[in-house]
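**Student:** Line by line, the protein sequences give chains A and E. For reference, each letter of the first sequence is one residue, going 1 to 427 in my numbering. For reference, each letter of the second sequence is one residue, going 1 to 315 in my numbering.
Honestly, I wouldn't trust all of these hints.
To be verified - Dumping the calculated DSBU-like pairs for lysine-lysine here, alpha-carbon to alpha-carbon at most 35 Å:
(1) A:K397 with A:K384
(2) A:K202 with A:K169
(3) A:K424 with A:K142
(4) A:K399 with E:K2
(5) E:K88 with A:K397
(6) E:K183 with E:K258
(7) E:K88 with E:K148
(8) A:K399 with E:K88
(9) A:K202 with A:K393
(10) A:K202 with E:K2
(11) A:K144 with A:K245
(12) A:K202 with E:K88
(13) A:K125 with A:K142
(14) A:K125 with A:K245
(15) A:K424 with A:K384
(16) E:K28 with A:K202
(17) A:K399 with A:K340
(18) A:K169 with A:K142
(19) E:K88 with A:K393
(20) E:K88 with E:K183
(21) A:K110 with A:K384
(22) E:K258 with E:K88
(23) E:K154 with A:K399
(24) E:K258 with E:K2
(25) A:K202 with A:K125
(26) A:K202 with E:K183
(27) E:K2 with E:K154
Said to hold, decoys possible - Just a sample of chain E residues kept apart from chain A, beta carbon distances all over 12 Å, derived:
(28) A108
(29) A111
(30) H113
(31) D156
(32) D213
(33) L216
(34) S239
(35) N250
(36) L304
(37) A307
Claimed, not checked - A few chain E residues that don't get close to chain A, going by computed Cβ distances all over 12 Å:
(38) K3
(39) I168
(40) H170
Treat the hints as calculated values from the structure; they're not laboratory data. For every residue, glycine included, the Cβ atom is placed at its ideal position computed from N, Cα and C.
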Amino acid sequence: MSSKLLIAGASILGGERADVLIVDGQIAEISHSIDRAGTEVLLADGQVLLPGFVDLHTHLREPGRENAETIATGSLAAAKGGYVAVSAMANTLPVADNSAIVEQVATIGKSVGLVDVFPIGAVTKGLSGTELADLGSMAQSKAKVRIFSDDGNCVSDPLLMRRALEYVKQFDGVIAQHAQDPRLTEGSQMNEGAMASTLGLKGWPAVAEESIIARDILLANMVGARLHICHVTTRGGVEIIRWAKGQGMQVTAEVTPHHLLLTDRYAESYDPIYKVNPPLRTESDVEALRIGLADGTIDVIGTDHAPHPVESKECEWQNAAFGMVGLETAFPIVFSTMIKSGLITWQRAAEIMSIAPARIGGYLQHGGSIKVGEPANLTLVDPKGVMTVDRAKLSSKSKNTPFHGMVFDGSVVATIFNGKLTHKVGN
Amino acid sequence: MKKHLLSISDLERDFAITILDTAGEMAKVSEGPNKKLPTLRGKTVVNLFAEDSTRTRISFEAAAKRLSADVINFSAKGSSISKGESLKDTAQTLQALGADAVVIRHPASGAAHRLAQGRWINGSVINAGDGTHEHPSQALLDAFTIRKHLAHGKGDLTGIRVAIVGDILHSRVARSNVLLLTKLGAEVVLVAPPTLLPYQIEAWPVSVSYDFDSILPTVDAVIMLRIQQERMSDLYFPSEREYSTLFGINSDRLSLTKSHSIIMHPGPMNRGLEITAEVADSPQSVVVEQVANGVSVRMAILYLFIAGGQESVDV
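Build out the structure end to end from the sequences listed, making use of the hints.
**Tutor:** Put into structure tokens, the structure is as follows:
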């Protein structure tokens, strides 16, 4: 049986209004007026149709920490946030450092069927930072891993980082680095700055991030490998990446929604809901990140969706876990900080939310153009919509959002994954 | 009326002076034949000490007892805290026991804030030192001591210059003192090696010097901070000997001070490291008096924050 879905009257990438007909998982027709008979119709007047969102940085916690999130609950949260693909970080228990685990994650993701779940493989065995994981066998597995990351930990050994960058070239892999010099951040709790000094919380200096970014850009350039910098948070980091791109060096970079909005001032409450790694920085950093995202220095939005159970946050700051959930609030924050303010166009929004992450991950069925014959992986958003964040209503199993109670302009109306509605407002 | 004493930063200047004035009244009680007041009779004060402490705990205990409160001591060692109980569960236990106030000492910065703002407890929360954040009652007793010696025991501290010397970075005493002393009009100079000063110290309302000798003739009070031995292995300074040479106070340095100036230390002292025995026991040293003043100041704190200053102090 063929299913037909008609998106009626949406503005495509913020441009021309058209009807988009989806048949059997593909975009079948785009024109000004399509016959609605026999189709499920989404009335999309005033709404904007974008290529489906792709997240390069998602902690789904399964296997091992299903008390925080599962592939099923994380997939649902992703669909609600407008995502059609997520990249499952490797810091599970056991660590995704071999083909068995990555295949398991991919298989469960497929059976849930709400988004494509692309496993990320660990760079080093057990995230130990000392020995390469089975990179080749993960690449050759059914999960076809292309992104490798020790995220949560930095690959700090420069020689090991060089080898990893070189090694993954054979299957066009990319190393996604969590840039954090471990020695400079022992016991660190928040951004090192005036606020940390006042609060008596140990500082996480910007240079611990920037020095690794600089080092790895030089290494990747030397060996001709692909490097992706996870969650850039500092002005200096943005400037280093801008310089590297100006030199023609190959590097991509990501920023999280929370680093585009929040600053270290929130730590003043000592509420660990604001505790995250890398930490919230300053106004100046936020400004630099927004400009860097607008001018192409930063390539993608990565949510760093990091679910944690209540007890991991309902405690003293220094004993709390790092991380925030982010899948369901990503678009409203990007809309409010970047699109509504005029910093970026809808075309650029499609680029950072979908096209660039799909390209970096090698996710061929995603991040395509909205044209006939393309797979129907699409996100419909409403610039006049409003999202009032209510942690109780999140689909994620964990409720550790720093945005509870905040009101954002811009909402995700519907998500279409392989031609099927995986999320629709009101449902 | 304020309910919690969490930090000096949220304490108003006038109320700080009220605490000091009240402490002055309490001191008179402590000097009298009957040291006990009925003010907190029927109230329960819990000393929740999740970190080792002797003098602060016994000081709060003495203060509570002199106000006739029932005192429960809850210490880290051998308690449920050492068994991994969460702060929330501990707080709810204390709530169930009917604590009217919890005096908390905790190794985590912000623990007192979490206790007060977590809606886990109804009583007053008194911060008795949280991590490397603040130690408000210590600052109040230091201000009380300075005021008594250098400002006739009344008003604020305008015109008085105070040096705080040593490990500012890790010191909750320094943070609270900087805030309180400057709030009361004093001028504060921090003396420390650059490694032991917080990042972006420029944002603080203080001046900074690396030259102890040049500062000593200019100040009216010197607060020496305890240097933790483990700081050396964390590469903050090369050796104890060098630290002592550059930033310790000894007889030679004492001779550089103004004759009316006082030497203070929150204790416990590392004699021979940041302070020599000669200085600690010199007439300018007020270290022992600080301990006595600590009880008076903490009586004032408990009285004002638990009883809300409502019941009469019969002195």
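**Student:** For each hint given before, does the structure comply? Return the numbers of the non-compliant ones in rising order.
**Tutor:** 2, 7, 16, 22, 23, 24, 28, 29, 30, 39 and 40
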